[in-house]
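One-letter residues, chain by chain:
Protein chains: 2
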Amino acid sequence: MDLQSLQSVAPPGQFPEPERSGVYRAIRQRRDIREFRDDPIDETTLARLIQAAHHGPSVGFMQPWDFIVVRDMERRRQVKALFERERQAAACFYDEPRRSAYLALKLEGILESPVNLCVTCDPTRAEVVLGRNSMPETDVYSTCCAVQNLWLAARSEGIGVGWVSILKLPQLRQILGIPHHIVPVAYLCMGHPRDFPEEPLLQTAGWRQRLPLEQLVHFDDWDNTAGGDSWPELQDALYTCTIQRS
Amino acid sequence: MDLQSLQSVAPPGQFPEPERSGVYRAIRQRRDIREFRDDPIDETTLARLIQAAHHGPSVGFMQPWDFIVVRDMERRRQVKALFERERQAAACFYDEPRRSAYLALKLEGILESPVNLCVTCDPTRAEVVLGRNSMPETDVYSTCCAVQNLWLAARSEGIGVGWVSILKLPQLRQILGIPHHIVPVAYLCMGHPRDFPEEPLLQTAGWRQRLPLEQLVHFDDWDNTAGGDSWPELQDALYTCTIQRS
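Chains as they are written, first to last, in numbering that gives the first Met the number 0: chain A, 0 to 245; chain B, 0 to 245.
Any given hint could turn out to be false.
Note that identical chains are pooled: a pair holds if it fits in a single copy or bridges any two copies.
Stated by the list, open to error - List time: in silico EDC-like cross-link candidates among lysine to aspartate or glutamate, alpha-carbon distance up to 20 Å:
1) K167 / D220
2) K79 / E126
3) K167 / D194
4) K79 / E198
5) K79 / D220
Calculated directly from the structure, the hints in this document are not laboratory data.
With the hints as constraints, model all of the structure from the sequences given.
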């Protein structure tokens, strides 16, 4: 096989190897970070991460997102107090020993991280949004995809991101002056992490395990999880495929 | 400056250059694809893309997603008919000449693409989900992040992905046999694209333009978009930063 035919095997838009594996490495090594060093994020890097989010996909090219960069300690103390109240309330839903295990987990780095970032969604950004008529919720879906862009780009920069979802929206709006019609989608803590753990904290802590992928794949119809005669290759591949571990 | 001190400048978790730029390239060059070649996706690649989605972040490590791989043409014809009906209905919300412009856009590749993938969210996957008490919607948020993982990994493989949101959920559930309590989050068309356009189709078609990033960033409080004395560096960086264009 000559070089010409070897090259024709790779799809034309495929990235060359170090770039392609960089994407999978970011996906594999991204973690929800809750322990931060206190040195700041370089401002150019922070701007680049927000730019990465801004290049997320959006329904009808709506770009419904806004970004509130929060460094002010007084506002962050208020967010932390809100988190603490919600965390205590959530603990009531667990019985012992799960409750103590829950309360022992470190779940955020609101005050320790050098910067917080609230990513919001404005459902009113455009009057009629192409593609949003049948599924209005695609505006917040777009915003989530933007967050994931930022999260993966941050991983490639060695920057840790932790998503704090133990917050109530009305109070969060009040602390950051967000209008009622704007949806705060993600409240993120960002900074240089103490480390990037190999596996998710909740897996290491024995809280939950990663589900076997082959249990989650259906073939043509929800009820067909067995695959069958026409799906052997994909089924084999699902059992054996791994994305880069380290 | 010796090598030691040079190395100490880069954050410890930062990827080496070709890998880091691969992540930004995927973010910059990802497109919503609607025109496909008809050759199939290699099954190992498809499995790897689903695996990439499965490594998305999820609230409380809930992993609420399922994946329905749809190759059956009869079901896809039904999805296409559903899309057509919704597309016509959505056209009613535009006046001319916008209406004709809308109807002239190619918005999906349901039948031409070699495979469709429906990514769903199961809100009942775990009884009490850590971190989901205050914001129950974080289950679908997690699923969207998983979709974005798949989308970026696909771009690095030269595989195109198009998200079809012009569908109604009850009918889609019926076509694919999805139980009522499961939320179909994304219906994706996947395959080798005719090309990866440089800019989003809706931008090229003059439908909407990319918003200037600096309009979307707020400082400590929603009402502070001007920044001010304590934010000059970040503001400068927001104006000037770009992520790789090609």
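Go through the numbered hints given earlier and state which of them the structure violates, listing their numbers in rising order.
-> 2, 3 and 4
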